[in-house]
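Here the structure of chain X is known, so what remains is to put chain B in place on it, guided by the hints.
Each chain, letter by letter, is given below.
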Amino acid sequence: MNDNTLHARAMALVDILLSVPDEIGIYEVYADVKFELGVTDDREIRHVALEIVREMLRRGARADFDCAASVKTYQPEKTVDEVMARIEREWDALEEPPTIGDICIFEWTPEAMEADRGKTSVV
Amino acid sequence: MVNLPPYAYWPWPRSGSPGYGLLDDGALPDAWPDGGTEPSSAWPFVPPAMAPSQPPRPDIQSRTVGFNLRPDPIPGFTVGSPSRETPGFRVGADGPPADAPPAWPNLAAFGLSGDDPASAALYSALGPSYIPPPRDRAREAVDQILRIYAGHGLDRLEREDSRRSGFGVTEPARFEPADYTRPAGGDGFNPQHVVPVNRPPPPPGDNSRAFPRPAPATPSRPAPAAPPPPRPPAEQPPPDTVGPAAAVDAAAQRRLTIYNTYREQLQALDPENPLLKLEQVPDVPIDHATVERYGNEIKRVVREKVDKTAEDLRARSVYEKRSSIRTIGGDADLRAEFDRLKVGGRRVYGQRGQYGVTDHGELYELPGGLRIGFRMARDTRTGVSRSLPTLDIMYPDRRNLRFHYNNER
Chain X
101 MNDNTLHARA MALVDILLSV PDEIGIYEVY ADVKFELGVT DDREIRHVAL EIVREMLRRG
161 ARADFDCAAS VKTYQPEKTV DEVMARIERE WDALEEPPTI GDICIFEWTP EAMEADRGKT
221 SVV
Chain B
24 MVNLPPYAYW PWPRSGSPGY GLLDDGALPD AWPDGGTEPS SAWPFVPPAM APSQPPRPDI
84 QSRTVGFNLR PDPIPGFTVG SPSRETPGFR VGADGPPADA PPAWPNLAAF GLSGDDPASA
144 ALYSALGPSY IPPPRDRARE AVDQILRIYA GHGLDRLERE DSRRSGFGVT EPARFEPADY
204 TRPAGGDGFN PQHVVPVNRP PPPPGDNSRA FPRPAPATPS RPAPAAPPPP RPPAEQPPPD
264 TVGPAAAVDA AAQRRLTIYN TYREQLQALD PENPLLKLEQ VPDVPIDHAT VERYGNEIKR
324 VVREKVDKTA EDLRARSVYE KRSSIRTIGG DADLRAEFDR LKVGGRRVYG QRGQYGVTDH
384 GELYELPGGL RIGFRMARDT RTGVSRSLPT LDIMYPDRRN LRFHYNNER
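Just so you know, the sequences run in chain order X and B.
Be aware that the first sequence starts at 101, since it is given in my numbering, and climbs by one per residue.
Be aware that the second sequence starts at 24, since it is given in my numbering, and climbs by one per residue.
Possibly wrong hints are sitting among the right ones.
Said to hold, decoys possible - A short, non-exhaustive set of chain B residues, derived as facing chain X with CB atoms under 7 Å:
hint, residue
1, GLN374
2, GLY376
3, THR403
4, PRO419
5, ASN423
For the record, the hints were derived by calculation from the structure and aren't laboratory data.
Since we're looking at a predicted model, the values are computed, not measured.
Positions of the beta carbon are idealized from the N, C-alpha and C atoms, including for glycine.
Chain X on its own, in the form it takes in the complex (with noise of 0.2 Å):
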């Protein structure tokens, strides 16, 4: 699978993950690339994902580096790369692969949704 391609299938695996409101799990991004893509080499499964992750950033999600508080009223990180920076920091810090609970899960809200789709059609 040439890069073009997996990359093509992981922007499409970001339309299924956004297709509805809902919290993803980092930990649901890495089975999905590692099982719907077929992506087995663990650095490339992180690589794709992180890539995932970013995209579902740039389209409106919010990270939430912990559960237990409300993403609006607990957001440190304002911008994507500051988000995708501590994402990183966090999975180097993992000596296996990320499972529930871990890093963070990213809520996707009927209005980041539908500001989504507003931009789609902009666009």
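Okay, now just chain B, sitting in the frame of chain X:
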């Protein structure tokens, strides 16, 4: 001279020649089994219609010696009417009367119980398929018995019979089993009077002396022309893989598997229960193969249960068809499903979030690496925290599944 009843002995003697033997063509002769003129009650399988209607033939009566080979009645054994025109049967001047029923070997006179393989072979050959008489099978069975228990075959008897007949031997040659004594008095031999000599019982599995062996060669009894053929080595029967014994073993194995599965699950739920502890026996190594086999079976059962539950929930859920996140409503009880699936698992905690140590979510790791979690998720549509019952199923080898319960969707 003891006047023995006609047809009492088998093999049937030739006409004019004393002794014993088969008919000229090797067929089994006809004879009324017990020599009576009426069917014996011990012969329930002989149709009454076959009772002889003619008196015994005197030319045979005075010279007949040999063995009465009448068998004991076999329960459930039935025989039809033998055809007198069956090829291979000698009737008339060289054989028994035409209306005599077929003879049956008295295996008890040979010390056979009727349950041994040789008797079974003979019964099989002479039994239901006796009409028309399977001459070759019967001859082969008799030959086999003689070779096993007497050390020589039927051909030897035939040779001796021919020799006596051809050289005018007047003294009838009698078969003299070594372990049987002949009662004194009289010049005839009545097999009804044979008495087994007391001897120690053979060791278990030794049936070599079940049949009396012939006496050693004497001047009156020439040595056999050839040594008896060696017995074929006993072959081990193949393992029973389809019979009742195999079914019993399979059932026991299934019970053991079920027992161990439940015991393992109970141990996981209550590890400190002394009744469920497995104590290793000193100096006895662990059977790793068995442990691994049981472990794999447990993983298979757990995976099968989870897969079946997931399929059932997916069938009742609504979702974006490509998404691994499902919403289910109606009467689904995700908590009950979780409680059922977590049996046998151990509680684990997430690093953070609702499955963290300080939060309310329950996460269990099952045998095989499956993880089952139940939590009250935040409804992203309404923003209400801990409002959606959620069942998380995390597979080690495929996409995760998540079921939200929302009756309004």
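Hints and how they fare:
1. GLN374: Because about 5 Å separates GLN374 of chain B from the closest Cβ in chain X, which is inside the 7 Å limit, the hint holds.
2. GLY376: holds (4 Å)
3. THR403: It holds, given that the least Cβ distance between THR403 of chain B and chain X is near 4 Å, below 7 Å.
4. PRO419: violated (9 Å)
5. ASN423: Where the cut-off is 7 Å and the nearest Cβ of chain X is about 5 Å from ASN423 of chain B, the hint holds.
Of the numbered hints stated above, the single one contradicted by the structure is hint 4.
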